[in-house]
Amino acid sequence: MTVKIKKIGREGHSEVDVSQEQAIEMCRAEEGRYFVIDSKTKQLVKEINIKDGQELMLVPIIRGG
Amino acid sequence: MSEISLEPNKKIAINDRGIFVLETTKLDVMGITKLRNSFQTRIVSLRMNIQDLERKISSKKQQIANLELALKQLNTPLVDELIAQETEKIRIAKEKAEQLLKETVGNDVYDILQTRGFFKFQAKDGITYKVSKKGHVFRLQNKDWVELCVIRPSELPLPDFVLSLFLNIHEAMKKFPQKHRRW
Chain A
-15 MTVKIKKIGR
-5 EGHSEVDVSQ
5 EQAIEMCRAE
15 EGRYFVIDSK
25 TKQLVKEINI
35 KDGQELMLVP
45 IIRGG
Chain B
2 MSEISLEPNK
12 KIAINDRGIF
22 VLETTKLDVM
32 GITKLRNSFQ
42 TRIVSLRMNI
52 QDLERKISSK
62 KQQIANLELA
72 LKQLNTPLVD
82 ELIAQETEKI
92 RIAKEKAEQL
102 LKETVGNDVY
112 DILQTRGFFK
122 FQAKDGITYK
132 VSKKGHVFRL
142 QNKDWVELCV
152 IRPSELPLPD
162 FVLSLFLNIH
172 EAMKKFPQKH
182 RRW
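Chains as they are written, first to last, in the working numbering: chain A, -15 to 49; chain B, 2 to 184.
For the record, the hints were derived by calculation from the structure and aren't laboratory data.
Each hint should be verified, as a subset may be incorrect.
Quick look at which bits of chain A chain B covers, simulated, 3 or more residues with Cβ under 8 Å [stated by the list, open to error]:
| hint | region |
| --- | --- |
| 1 | -13 to -5 |
| 2 | 11 to 23 |
| 3 | 26 to 33 |
| 4 | 41 to 47 |
Label-pair restraints from in silico Cβ distances [said to hold, decoys possible]:
| hint | chain 1 | residue 1 | chain 2 | residue 2 | range |
| --- | --- | --- | --- | --- | --- |
| 5 | B | Gly127 | A | Lys35 | 25 to 31 Å |
| 6 | B | Ala71 | A | Lys(-9) | 36 to 42 Å |
| 7 | B | Ala66 | A | Arg(-6) | 33 to 39 Å |
| 8 | B | Gln86 | A | Lys35 | 38 to 44 Å |
| 9 | B | Thr116 | A | Lys(-9) | 25 to 31 Å |
| 10 | B | Ala66 | A | Ser23 | 54 to 60 Å |
| 11 | A | Glu15 | B | Leu68 | 42 to 48 Å |
| 12 | A | Ala13 | B | Ile65 | 46 to 52 Å |
| 13 | A | Arg47 | B | Lys57 | 47 to 53 Å |
| 14 | B | Ala66 | A | Lys26 | 58 to 64 Å |
| 15 | B | Ile113 | A | Ala13 | 33 to 39 Å |
| 16 | A | Glu(-5) | B | Ala66 | 33 to 39 Å |
| 17 | B | Ala85 | A | Gly37 | 37 to 43 Å |
C-beta atoms are modelled at their ideal positions from N, C-alpha and C, and glycine is treated no differently.
One chain only, chain B, in its complex shape:
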């Protein structure tokens, strides 16, 4: 680093960060007072910032404490037992639904559904439909399978939904009108 004096109060400084002009100013009483005020204001402002941040930290800590408490309450053996009961209910419901599906569509169709993942049938209006075991339904239209938009009631076990789809389409065709494109 090197310094070159230009004037009594000005210097050029050269270092690895660049070239700088350094100027020194003698402070008078007014300047000192202003500087003191400026420093004081900045100190107050920074203290206020710290207080705000501390308040935010405190609020976040409270949120964490609340969440930890709620989580603790959800981790009790009682809750685990309820979960186990509900899971068992769902399992039984699904088992019953599979059984009903099998009884209603017959063993052969049920086996096809299990192996191929779908089964085809002709509805009362003569149109061929395909229902997948995941609850998707397709209509044969001009040699193409067109998927129909159906809303699955979320609480219905999947095999019950598949069965309901089959019976709805087979018996109540008006609920699945054929849409015609308009250009």
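Pulled out of the complex, with its shape left as it was, chain A reads as follows:
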């Protein structure tokens, strides 16, 4: 089982299949710049809740007000 991650970036989104551990590491590395969304539920995901078979999206954090 793997975790599918779509990362929104400058050349369109890139897609990668990684193990659960790698997914957690990847999300941790992007903390503060990206947040993690479950592609199906569109809900925020904490990296500790990442499960095998999940499809995630790394979305750049945009600030405003």
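Starting from the structure of chain A, add chain B where the hints point.
Chain B in isolation, oriented as in the chain A frame:
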């Protein structure tokens, strides 16, 4: 034109440009020498001016030559090919981004975005927001749409930015605090 003599060395001249008093002075040796010096100084000064201008012209010509060379280098088939590759990359990125936006917000919302130019949604805190397809975001405040100030990362394709805006506002409300005016 008419001339009227006033004194041996003074005349009044009248012509279509006006009325003039003309005075003639006999030059002595000293005067001639001074005049020679004055003419010589002016000649030298004008020559120096010409040299300065020639130097400036030469420098500008060199600048033109450099720019022409640089332009020539930017007009090579290799550069054209790179431009074509980059343009194609951007096109593909935009296409992918549109697809992802459509998949994420759903066909109905995507169609609304395409036809109306914006879509509305309610964030987790209950406030209604409106995101336009050009990447503008508005918050419904006292029955008015107030535009929020957001900074678009320049390298992000527009549909990806619209999607990011939607997900950011929908999920991470704290990044878009409601400002209160202080009087």
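Results of checking the hints against the structure:
With a threshold of 8 Å between beta carbons, the proposed coverage of the region -13 to -5 of chain A by chain B holds, since 5 of its residues qualify and at least three are required. Look at the region 11 to 23 of chain A against chain B: 3 of its residues bring a Cβ nearer than 8 Å to a Cβ of that chain, three or more, so the hint holds. With 3 residues carrying a beta carbon less than 8 Å from a beta carbon of chain B, the region 26 to 33 of chain A meets the three-residue requirement, and the given coverage holds. Restraint check on the region 41 to 47 of chain A versus chain B: 6 residues with Cβ-Cβ distances below 8 Å, three needed, restraint holds.
For B/Gly127 and A/Lys35, the Cβ-Cβ distance of about 30 Å falls inside the hinted range of 25 to 31 Å, so the restraint holds. The hinted range of 36 to 42 Å is satisfied by B/Ala71 and A/Lys(-9), whose Cβ atoms lie roughly 37 Å apart. Between B/Ala66 and A/Arg(-6) the Cβ separation comes to about 37 Å, which falls inside the hinted range of 33 to 39 Å. Distance hint for B/Gln86 and A/Lys35: a CB-CB separation of about 39 Å, consistent with the stated range 38 to 44 Å.
B/Thr116 and A/Lys(-9) have their C-beta atoms about 30 Å apart, which keeps the hinted 25 to 31 Å range intact. Against the hinted window of 54 to 60 Å, the Cβ-Cβ separation of B/Ala66 and A/Ser23 comes to about 57 Å, which satisfies the hint. A/Glu15 and B/Leu68 have their C-beta atoms about 47 Å apart, which keeps the hinted 42 to 48 Å range intact. One distance hint, 46 to 52 Å for the beta-carbon pair A/Ala13 and B/Ile65, holds here, with the actual separation near 50 Å.
Remark: the range hint 47 to 53 Å for A/Arg47 to B/Lys57 is upheld by a beta-carbon distance near 50 Å. Look at B/Ala66 against A/Lys26: about 59 Å separates their beta carbons, and that is inside 58 to 64 Å. For B/Ile113 and A/Ala13, the Cβ-Cβ distance of about 36 Å falls inside the hinted range of 33 to 39 Å, so the restraint holds. Separated by about 38 Å at the C-beta atoms, A/Glu(-5) and B/Ala66 satisfy the suggested range of 33 to 39 Å.
Range check, B/Ala85 to A/Gly37: about 40 Å between beta-carbon atoms, so the 37 to 43 Å window is met.
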